[in-house]
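Undergrad: For reference, the chains in residue letters:
Protein chains: 2
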Amino acid sequence: MKTAPTFDKLVDELSRLPGVGPRTAARLAFFIVKQPEAWVETLAKTLLDVKRKIRFCSICGQTTEEDPCAICADPRRDSRVICVVEEPQDVITIERTHAYHGRYHVLHGAISPLDGIGPEQLRIESLMKRLEDGTVQEVVIATNFTTKGETTALYLARLLHAKNIRVTRPAHGIPLGGNLEYVDENTVGQAVAARQSF
Amino acid sequence: MKTAPTFDKLVDELSRLPGVGPRTAARLAFFIVKQPEAWVETLAKTLLDVKRKIRFCSICGQTTEEDPCAICADPRRDSRVICVVEEPQDVITIERTHAYHGRYHVLHGAISPLDGIGPEQLRIESLMKRLEDGTVQEVVIATNFTTKGETTALYLARLLHAKNIRVTRPAHGIPLGGNLEYVDENTVGQAVAARQSF
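Line by line, the protein sequences give chains A and B. Oh and the first sequence: position 177 is 177 in the working numbering, straight run, nothing missing. Oh and the second sequence: position 13 is 13 in the working numbering, straight run, nothing missing.
Hints are computed from structural coordinates only; laboratory data are not their basis.
Any copy will do: because identical chains look the same in the list, a pair fits if it lies in one copy or spans two.
Below, in silico cross-link-like pairs of lysine-lysine (DSSO-like), each with a Cα-Cα straight-line distance of 30 Å or less: (1) K34 to K45; (2) K129 to K53; (3) K148 to K34; (4) K129 to K34; (5) K163 to K129; (6) K53 to K34; (7) K9 to K45; (8) K129 to K148; (9) K34 to K9; (10) K163 to K148; (11) K53 to K9.
One chain only, chain A, in its complex shape:
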């Protein structure tokens, strides 16, 4: 289609978003065309605002407008526990559970030699700095349960064990509402091995 260069440009730009292929990009672009101009202006402005105002917290690495972020600045959070995650969105996922009241540390990635990402590309040095004053007694390694995430967890665990800090990892197990038949056998195996009294 040579009809509309501006339109094609928007499709190109939207295709660069994660998980958005050319077809989805075209669908989004057609949606934009049909929206009121005021909303498109708001969207464009908000995109720029986010890019200009949002930074990463200098302590934990989470996205924030204020530095330090609200969690790092909150005196009610338990500063004896740090939960290490791969990405800022993982903080949101864990916060949503209301099951954790400590601090966070965002690595901004996971060790992945094939992608050229080693420990020095991650926020591991700043994590070690946070442990120096002896306040932190436990580090929860909540990297993903993927190859990269597990590799990163093992690497961190080795570093942290040397520091005489309690190192934990969220439990493997059957998801809530999980039907045994549909849960993969490795998960079931680990869940059985880690069975708890009832």
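Position chain B against the provided structure of chain A, taking the given hints into account.
TA: Structure of chain B alone, referenced to chain A:
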């Protein structure tokens, strides 16, 4: 998360895009935060450009920067055939096949009484106007093969048969590369009924 109101606003705005739920919106927003400012500026500008420059062709209803659009203005397109589609993106889908050389007419929707969309909400009157001078000899009704699309096709077919115009519809059948076992039985049934000599 009360950390970043600007960020939350972007997530809200992105959630209004079709097929984008709160989780995908958050993923996109985190992606935006990590991109270079120049790209976010380009994206924001392109969104506004599209909204300001793209209009609908006054003849066929397709998205375009120039009115009439490139297809309506192209003297090499066969003006004896009009292909009726539901949405502008359907024009792109059909153009991509290089199998059609006529003109288009975009209805901007399909008949859907439950959504309060009747024939008068669609670009049907302008289609009828295009048939008045007797140039058009065939109308291909390429609305979707869904309940709404079929309803619309039936409605249009009835209107058009009264005008002594050839009315066609793209063939049902087994998709290319389609494995009979995985194609639904209604499609297989229609494909067998419409079998062609080989």
